[in-house]
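Undergrad: Letter by letter, the chains look like this.
There are 2 protein chains.
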Amino acid sequence: MRETWVVGAASNRFGKMAESGREAAATVALRAIESAGLEPRDIGMTFVSNAFGIAERQAHLGPLLNTALGIPEVPSATIESACSSSSAALHEAYVHVAGGFLDAALVVGVEKLSHLDTLTATSYFAIGADYPFEARNGATFPGLYATIASAYRQKYGTRPEELGAVAVKNHANGARNPHAHFQKEITMDMYLRSPVIASPLRLFDCCPFSDGAAAIVVAARERRPSPVGEPLVIRASVRTGSIADMHDRPGLTGLPASRLAAERAFRQAGLSPKEIQFLEVHDCFTIAEIAALEDLGFYPPGTAGRATREGETQRDGRLPVNPSGGLKAKGHPVSATGASQVVEIFEQFNGLAGGRQVPHAEVALAHNVGATGGSCSVHIFGRR
Amino acid sequence: MRETWVVGAASNRFGKMAESGREAAATVALRAIESAGLEPRDIGMTFVSNAFGIAERQAHLGPLLNTALGIPEVPSATIESACSSSSAALHEAYVHVAGGFLDAALVVGVEKLSHLDTLTATSYFAIGADYPFEARNGATFPGLYATIASAYRQKYGTRPEELGAVAVKNHANGARNPHAHFQKEITMDMYLRSPVIASPLRLFDCCPFSDGAAAIVVAARERRPSPVGEPLVIRASVRTGSIADMHDRPGLTGLPASRLAAERAFRQAGLSPKEIQFLEVHDCFTIAEIAALEDLGFYPPGTAGRATREGETQRDGRLPVNPSGGLKAKGHPVSATGASQVVEIFEQFNGLAGGRQVPHAEVALAHNVGATGGSCSVHIFGRR
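If you read the sequences in order, they're chains P and D. Okay, so the first sequence: first residue is 0 according to numbering that gives the first Met the number 0, each after it adds one. Okay, so the second sequence: first residue is 0 according to numbering that gives the first Met the number 0, each after it adds one.
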C-alpha cells in the first residue's frame, strides 16, 4: 500500500443551483484540481457520484465530465451507495491509488433535484430505502429516523432539548460556512416551536433537500510530494454494510454499520477515538448525530445528547462535531455529501475555515451513512 | 499486483423475468459463489450494477443483496457506466483483489425493465446518452448507432448482407445458448425483409430490451488455489473513455475508446490480437460488432463486414465472435451485459457451452461499451 493523500478539494454553495449538475460538477472538479496544483491531464480516473441523475435524465456522467475537463480518454465510473455515494467513490479512488493502479484520481459528487416538485423529489429520495418493504408502505427517511429517535428516547429518556442542541450547534456552524445551504443561526426556542415532521422529529431535526457539488483529488505521496496546501493523509478508508432494513435488526438505537466501520478504521489507522480532534458525521437528522457519536466510540450509549447540550461538540468544545454545519445546516445534496465532509476537513487543516475554524488538529474523522445504515464509510485523515 | 482470477460465474435466462431484480441478483450471486466452491462469507465486497434501478424504484441494491446472501456486514457499491456497468464493476473488483485489499469479491449485474411500458423503458435507456444534446432532441440509441452505420457505409460501401451476416450468426449462436433471450435462428432473407428501425438499421440489427442477471466471483490466486472449475486468469483489465458525444468526435466509423482500450489491454497482457482465440464483443447493433472487430485490431478498417459474411467469425470459423449470441440474440439487460460476457467465457473454458462450444482456447477477450463509446472496458482472460 502506498501512502495516499487528499491533495485538493472544492465545493460550491449548497442550496439551489441555477446550473445543471454536469456544469456544477465540472466547475468544482476544476477548482479541486487547481487547489492541488495539478492539471486535468494528471488525473488517471474519475469517480463520480450522482445517485439521482434520473432527476436530470442523465446517467453515465463521467464521460461528460471528463470531456468538459479536456480529458475525454480518461476512464470513469459512477459510484452509488445512497447517501454515502461519494465516500464510497473516495474509497474506490483510495484503493486505485494506494494499490498503485493510478497516481491521481478525481472524486466528484453532485446532485440536483430542486427543479422537481417536492413529491417527485421525495419519491426519488425514497429509492434509497427498501422499496417493497419500506417506501411502498409509506416509510420515507423522516419516518425511519423518527423510529430510531423514538426507540432511543424510550431506552435513554432523551429530552427534546438534546436533539435541539444538535440543530442549534450545527446551524451556528453553518452560519459561518459560505458553502452552507442554511447560513442562519437558530435558537432553542425556535427549535422547540418548529412543527413536528415525524414524531418526535421536528422541522429543525431534519436536513434539507439541497443541490450541490463537491470534489476531491486523491494522489499518491510518491507522485505528488509538494501539494499547494496541506494534504490530508488517508490513515483509514473503511466501508461496511449492515442488515438493510431496520425492522430486521436486533436494535434500533444506533447503526451496526457505523460501529463496525469505526472499529475497523481505528484499527487501520492505529488510533483510538481519544486521538481524534474533530469530526464530520452523518447528521441527516439530529438523532443520527447523537447515535453516530456513540456508534463511533466517542460517547457511551445514551450520553451523547447530554454532552451535546453541555456544549462539548461545539466549535470551541472538547470535540468539535460538524464544524461545517453538517448535513443539517450545510445541506444534503445526497451524492455530494461524503465528498463535502472531506472538503471541510481539507479547509480546516489548511486554515481556510474562517469563522468556523477549529483549533489546530492533527487527526480528523469523516463518517457517512447510506440510507438507514445499510452502508457506512469511515475515513480518518492525518497531517503529512 | 497479485494474479487475479474469475473463479465462478452464473447467469439466468435473459428475456422477461417474473421475479424482481433483487431476487434475480441474489439467485445468480449464490449460483456464482457455489460454482467457485465458495460460500457467501468468503466474499469481501460486492460490486453491483443496476443502472436502471429506478425502474423498480430501488437504489442502494448492495445491502439488500448482501442481506439476502446472509453477509449483511460486507460493504457494497453500485457501479454505473451505462451499458458497460458490470464490466466497470469487474474492473473495480479486479483492482481491489489484485491490489491486495480483498481476497474475493462478487460482481453482480442486473436489470429489469420489462414491466414498464415501452416509452418509459426507452426514456430510461436514453439517460445513458447526453440528455441536453442527444436524448432531448430525439436521438436515442438506434438513431445514434444508425448514424455510425451510415457513416461506415458511406466510407466503405458496406452491403446490407454484411450487417445481416452479424445478425444471422449471432442468432444461430443464441439458438444454442440456454441463457439467451432469443433462442431462434434467423435467415438472411428474414433479415433483409425485417422493418427498418433507423435507416440503415433494421429490426434484426438491434439488440432487444431484456431483463437479466449475471454474476461472477473474482479471487486472488494465493487465496483460492483450487477452484471447482477452470478459473479465468485476468490477464488485462482496462477501462477508457472518449469524447462523450459522437457529434464532437473526429470520425464516426468506430469508437476511439475501444481502440485505446484494446491497445492498452494487449500491452497489459503482453499479447497481440493474433493470440486471441475467441471474443465476446459489444454488438448492441450489428454495426457495433463490425466496428469493434476493427477497433480492437482484429480486422483492418472496412473489412470486418466482408469477413463476417464469409463466415470467419462463426463458431467454427477462424475467430469465433459472440458465441453466446451477443447482445443481439442473448439479449441486453444493460447492467448484466458485461458480467454475462465473462459468464460465457467461463462456460466456454469449462466445456459447459453445449451446442455453442468453440474449440479449445487459451485466451479470450471481452469488450463492453458504455452508450456510444463514452466508456469502454476490455478484459483479456487466459487459462491457469
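Please note: incorrect hints may appear among the correct ones.
Quick look at which bits of chain D chain P covers, simulated, 3 or more residues with Cβ under 8 angstroms [to be verified]:
1. 54–60
2. 71–80
3. 253–263
4. 312–319
Hint data in this document are derived by calculation from the structure and do not stem from the laboratory. Ideal placement from N, C-alpha and C gives every residue a C-beta, glycine not left out.
Undergrad: Using C-beta distances, would you say chain P covers the region 253–263 of chain D, given that this needs three or more residues below 8 angstroms?
TA: With 3 residues closer than 8 angstroms to chain P, the region 253–263 of chain D meets the three-residue bar; holds.
Undergrad: Are there three or more residues in the region 71–80 of chain D whose C-beta lies within less than 8 angstroms of some C-beta in chain P?
TA: Per the Cβ count (10), the hint holds.
Undergrad: Count the residues of the region 54–60 of chain D whose Cβ falls closer than 8 angstroms to any Cβ of chain P, and tell me whether that reaches three.
TA: Three-residue rule met by the region 54–60 of chain D, so holds; n is 5.
Undergrad: Do three or more residues from the region 312–319 of chain D put their C-beta atoms closer than 8 angstroms to C-beta atoms of chain P?
TA: violated (count 0)
When the structure is compared with the earlier hints, a violation turns up for hint 4 alone.
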